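2 protein chains.
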Amino acid sequence: MTAAGSSDAPIGGHQPRYWEDIEIGERVRSAEFEFSRASIFAFASQYDPQPMHLSDESAAKSFFGELIASGWQTACVTFRLMVDAKPLGSTPLVGLEIKELKFERPVRPGDRVHAEGEVLERRASKTRPERGIITMRVVTKNQSDQPVLSALWVAILPTHLAASPP
Amino acid sequence: MTAAGSSDAPIGGHQPRYWEDIEIGERVRSAEFEFSRASIFAFASQYDPQPMHLSDESAAKSFFGELIASGWQTACVTFRLMVDAKPLGSTPLVGLEIKELKFERPVRPGDRVHAEGEVLERRASKTRPERGIITMRVVTKNQSDQPVLSALWVAILPTHLAASPP
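Line order of the protein sequences matches chains A and C. Counting from -4, one number per residue, gives the positions in the first sequence under my numbering. Counting from -4, one number per residue, gives the positions in the second sequence under my numbering.
I should point out that these hints are in silico values taken from the structure, not numbers from a laboratory. All values reported here derive from a predicted model rather than from experimental measurement. Do not take every clue at face value.
To be verified - Which residues of chain C face chain A? A few of them, derived with a C-beta cut under 8 Å, are: (1) F36; (2) P44; (3) Q45; (4) L49; (5) S57; (6) G66; (7) W67; (8) C71; (9) P87; (10) L88; (11) G90; (12) L91; (13) I93; (14) K94; (15) K97.
Quick reminder that beta carbons are idealized off the backbone N, C-alpha and C, glycines included.
Same shape as in the complex, but just chain A:
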């Protein structure tokens, strides 16, 4: 996958970030990705081989009446854009749970999407002091700034204790 444009993430970087460093309200905006017909067909043939994603002809007769991308492709593209935006610096994005993954609008060939993330919550792990948990709202928007996918990501990351054990 190649992304067009560049990330203007204010909170990225090449250093690891720890749970205590993350602030409620932090925002990140990813680069853009353009959905080509070929990428829609390629994803669908592997993971979502249904009429509305496989060809213009079969899509025209489907529920949607036109070719659209699999919602799972949009979710995976969103994840890739966020990994590249590095909201946690060099600390990996490790998901515990995704809450409320909503398919808000269809994505069509030629649509260009980006993702916007915001940290909503930060809580300590009840059992493991070397780990902490954050919740981010991640909204994927098209070139008209309309949401096409939204989700709450619950992610786990190391605390300072993990970096410098006592």
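Please build the complex by placing chain C on the supplied structure of chain A, with the hints as guidance.
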């Protein structure tokens, strides 16, 4: 993607099914899919290029200490297995929302997973009498029958009114 084994879905088939036909408690079990190293690397390089998914060497130094599949790959594989199991017959699986997508356990190279679905809820659309909504619990399990991913899928499908407009 190729799936090993065959679906023993009791509720599939080649005819369309409508919202009124779906019963609470209906179950479906998909075929199996085996995660190869190659498929883990291929998915990760496109959608989740992080150390724990890209090579044995980088994974050994990661949070998990070993190579694991991207949780998004498991989610996409689960969707494909369910599409092939045809719980709605020839009516497509169209998601409105996924709730509580939980990454329960890592998936490792050689793991064989299948998906089990159960219809939990059926509700009418408040605004469109030609459409209805169902909620399914979908649990993805490995070869030891341990859950690796679980989710609630909220899907939309046509009612009898859509099939035979007045």
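**Prompt:** Tell me, which hint numbers fail for this structure?
**Reply:** 1 and 4
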